[in-house]
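Enquirer: All chains, please: the whole structure from these sequences, using the hints.
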Amino acid sequence: MALNEIKLPQAIQLEEKTASDFYGKFIAEPYESGYGHTVGNSLRRILLSGMEGAAVTAVRIAGAVHEFSTVPNVREDVINILLNLKHLRVKMEGKTREYLQLHAAKPGVVTAADIEETDGVEIVNKDLVLATLEVGGSLEMEIEISRGKGYVPAEDLAKVQRPAGFIPMDALFSPIVKVHYDVEPARVGQKTDYDRLILEITTDGTLAPAKALHRAAVLLSKSLHIFTIEGEEDCVATTSDEAVVEETVATGVNTSSAASKQDELLNQSIEFIELSSRSINCLKSENINTVRDLVKMTEDDLKMIKNFGAKSMDEIKERLAEMNLSLGMKF
Numbered sequence: 001m002a003l004n005e006i007k008l009p010q011a012i013q014l015e016e017k018t019a020s021d022f023y024g025k026f027i028a029e030p031y032e033s034g035y036g037h038t039v040g041n042s043l044r045r046i047l048l049s050g051m052e053g054a055a056v057t058a059v060r061i062a063g064a065v066h067e068f069s070t071v072p073n074v075r076e077d078v079i080n081i082l083l084n085l086k087h088l089r090v091k092m093e094g095k096t097r098e099y100l101q102l103h104a105a106k107p108g109v110v111t112a113a114d115i116e117e118t119d120g121v122e123i124v125n126k127d128l129v130l131a132t133l134e135v136g137g138s139l140e141m142e143i144e145i146s147r148g149k150g151y152v153p154a155e156d157l158a159k160v161q162r163p164a165g166f167i168p169m170d171a172l173f174s175p176i177v178k179v180h181y182d183v184e185p186a187r188v189g190q191k192t193d194y195d196r197l198i199l200e201i202t203t204d205g206t207l208a209p210a211k212a213l214h215r216a217a218v219l220l221s222k223s224l225h226i227f228t229i230e231g232e233e234d235c236v237a238t239t240s241d242e243a244v245v246e247e248t249v250a251t252g253v254n255t256s257s258a259a260s261k262q263d264e265l266l267n268q269s270i271e272f273i274e275l276s277s278r279s280i281n282c283l284k285s286e287n288i289n290t291v292r293d294l295v296k297m298t299e300d301d302l303k304m305i306k307n308f309g310a311k312s313m314d315e316i317k318e319r320l321a322e323m324n325l326s327l328g329m330k331f
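When we follow full-length UniProt numbering, the leftmost residue of the sequence shown carries the number 1, and every step to the right adds one.
Keep in mind that a hint or two might mislead.
Within a straight-line C-alpha distance of at most 35 Å, the following computed DSBU-like cross-link-like pairs (lysine-lysine) qualify [to be verified]:
{"hint": "1", "residue 1": "K303", "residue 2": "K330"}
{"hint": "2", "residue 1": "K330", "residue 2": "K178"}
{"hint": "3", "residue 1": "K86", "residue 2": "K126"}
{"hint": "4", "residue 1": "K306", "residue 2": "K126"}
{"hint": "5", "residue 1": "K296", "residue 2": "K311"}
{"hint": "6", "residue 1": "K25", "residue 2": "K106"}
{"hint": "7", "residue 1": "K126", "residue 2": "K25"}
{"hint": "8", "residue 1": "K91", "residue 2": "K25"}
{"hint": "9", "residue 1": "K222", "residue 2": "K211"}
{"hint": "10", "residue 1": "K126", "residue 2": "K211"}
{"hint": "11", "residue 1": "K284", "residue 2": "K306"}
{"hint": "12", "residue 1": "K159", "residue 2": "K222"}
{"hint": "13", "residue 1": "K7", "residue 2": "K191"}
{"hint": "14", "residue 1": "K303", "residue 2": "K178"}
{"hint": "15", "residue 1": "K306", "residue 2": "K149"}
{"hint": "16", "residue 1": "K159", "residue 2": "K91"}
{"hint": "17", "residue 1": "K126", "residue 2": "K178"}
Computed beta-carbon distance windows for the label pairs [what the hints assert, rightly or not]:
{"hint": "18", "residue 1": "Q13", "residue 2": "K159", "range": "37 to 47 Å"}
{"hint": "19", "residue 1": "E93", "residue 2": "T18", "range": "21 to 31 Å"}
{"hint": "20", "residue 1": "F331", "residue 2": "K178", "range": "20 to 30 Å"}
{"hint": "21", "residue 1": "N307", "residue 2": "V188", "range": "40 to 50 Å"}
{"hint": "22", "residue 1": "E93", "residue 2": "N73", "range": "32 to 42 Å"}
{"hint": "23", "residue 1": "V135", "residue 2": "I12", "range": "31 to 41 Å"}
Keep in mind the hints are simulated off the structure, nothing from the lab.
The structure presented is a predicted model; accordingly, all values stated were derived computationally and were not measured.
Note that beta-carbon positions come from the ideal geometry of N, C-alpha and C, so glycine has one too.
Expert: Here's what the structure looks like:
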C-alpha cells in the first residue's frame with residue numbers, strides 16, 4: 001500500500017440478525033481518521049431532513065363542517081379523528097396526490113384497514129384505530145394523501161386548491177423516525193487509527209432503511225458534485241448584484257435567503273437538532289414534534305412536562321443557541 005493512499009470502504013455490511021422493515025444497522029470501514037464523523041453526520045442530517053414521504057394532508061368527513069364538529073353516534077369528535085389520522089403510515093409511489101375512501105356503518109372500532117386502497121397506495125399500519133361507532137352510527141371520509149418533504153403546517157396546506165369541505169392537517173412527510181451513528185477504531189494491517197462507521201436507521205415502515213440510506217447517499221453525492229468540476233471559473237459563479245454582495249460581506253448573511261433558511265430549519269423534526277432520547281421522548285409526549293413547536297415553548301412551559309429535568313433544559317438551550325434560536329420565540 002502506498003504511503004499516501006486514502007483508505008475508503010469497498011462495501012457496506014448490514015447486520016442481518018437485527019434487520020427489519022423498520023430498522024437497519026449498517027457498518028462501513030475503513031475510513032481515514034476523522035472521515036467517519038464527517039460521513040456519518042452528513043448522512044444523518046440528510047436522512048432526517050431530505051427524505052420524501054407520503055402523509056395525510058386533508059380530510060373530508062361527512063357531517064363535519066370543521067375540526068370542532070362532532071359526528072352523530074361516533075364516540076370520538078372530529079379533532080380526535082384527525083389526531084388519529086396523523087399516525088397513518090402510507091406508501092405512495094408514482095403519484096403526488098391521491099384520495100382514499102372510507103365507509104363504515106357497523107358498530108365497533110374503525111381501523112385503517114377499512115380504508116379503500118388504490119393502485120400505487122398502500123396502508124402500512126392497518127391496525128391503527130381511527131374511531132369507534134355506536135349503534136346507528138356511520139363514518140364516511142375522503143382522505144387526501146400527498147407526497148412531500150419535512151413538516152408542513154396546516155395553514156400552509158390550506159392554500160392548496162382542493163374540493164370544498166376538506167379540513168387541512170399538519171403533515172410530517174419524513175419516513176425517518178431516528179438516525180444514530182457511532183465511530184469506532186478500525187484496523188488495517190498493523191495500523192489501528194482508522195474509523196469504522198456504524199449507522200443505525202429507524203423508519204416508519206414506509207421506506208426500507210437500506211433504500212433510505214441509498215437515497216441519502218445519492219443526495220449527498222449530488223450536493224458535492226459541483227466541487228468536482230475542474231477549473232475555478234467553471235464552478236464559481238459571479239454576481240452583478242453589488243448590493244447583495246456588499247450586504248453579505250458586511251453582515252455575513254445574505255438576507256434574501258436567510259428568512260427562508262430559518263423557516264426550513266423551524267419545520268425540521270426535533271430529531272434534527274440531535275437531542276438525547278430522553279429529551280425527545282419528553283417533548284413528543286406533549287406533541288412537540290418540530291423545531292418550530294419547540295422554540296414556541298418557554299422555559300416555564302417545558303418545566304411543566306413530566307420527567308423533564310434541568311439536564312434536558314440545558315441540552316435544549318445549548319442546541320438551539322448553536323442554530324441562533326432560543327425558547328419563547330414569537331412568530
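Enquirer: All the hints need checking, so say for each whether the structure fits it.
Expert: To see whether the hints hold, each was checked on the structure:
Restraint check for K303 and K330: the C-alpha separation of about 19 Å stays at or below 35 Å, so the hint holds. Among the hinted pairs, K330 with K178 is consistent with the structure: their alpha-carbon atoms are about 28 Å apart, no more than 35 Å. As the CA atoms of K86 and K126 are separated by approximately 13 Å, the hinted pair is consistent with the 35 Å bound. Pair hint K306 plus K126 holds up; C-alpha atoms about 31 Å apart against a cutoff of 35 Å.
Using a Cα cut-off of 35 Å, the hinted pair K296 and K311 holds, with the two alpha carbons roughly 20 Å apart. For a cut-off of 35 Å, the pair hint linking K25 to K106 is broken: about 43 Å separates their Cα positions. This hinted pair checks out: K126 and K25 have alpha carbons roughly 26 Å apart, not beyond 35 Å. With a CA separation close to 22 Å, the supplied pair K91 and K25 stays within the 35 Å bound.
Proposed proximity of K222 and K211 is supported: the alpha carbons are some 17 Å apart, at most 35 Å. Distance check on the hinted pair: K126 and K211 sit about 22 Å apart at the alpha-carbon level, within 35 Å; holds. Distance restraint check for K284 and K306: the Cα-Cα separation of roughly 11 Å lies within the 35 Å cut-off, and the hinted pair is therefore satisfied. With a C-alpha separation of about 31 Å, the suggested pairing of K159 with K222 holds against the 35 Å cut-off.
Taken as a hint, the K7 and K191 pair is honoured in the structure, with Cα atoms around 12 Å apart against an allowance of 35 Å. Taken as a hint, the K303 and K178 pair is honoured in the structure, with Cα atoms around 25 Å apart against an allowance of 35 Å. Among the hinted pairs, K306 with K149 is consistent with the structure: their alpha-carbon atoms are about 31 Å apart, no more than 35 Å. A C-alpha spacing of about 24 Å is found between K159 and K91, which places the hinted pair at or below 35 Å, so the restraint holds.
Distance hint between K126 and K178 is fulfilled; the C-alpha atoms sit about 22 Å from each other, no more than 35 Å. Between Q13 and K159, the C-beta spacing of about 46 Å keeps the proposed range 37 to 47 Å intact. Checked against the hint of 21 to 31 Å, the C-beta distance between E93 and T18 comes to roughly 26 Å, which is consistent with it. For the hinted restraint 20 to 30 Å between F331 and K178, the CB-CB distance of approximately 27 Å keeps it satisfied.
Take N307 and V188: their Cβ atoms lie about 45 Å apart, and the range 40 to 50 Å holds. For the pair E93 and N73, the supplied restraint of 32 to 42 Å holds, since their beta-carbon distance comes to about 37 Å. At roughly 56 Å, the beta carbons of V135 and I12 sit outside the given window of 31 to 41 Å.
Of the hints listed earlier, those the structure fails to meet are numbers 6 and 23, in rising order.
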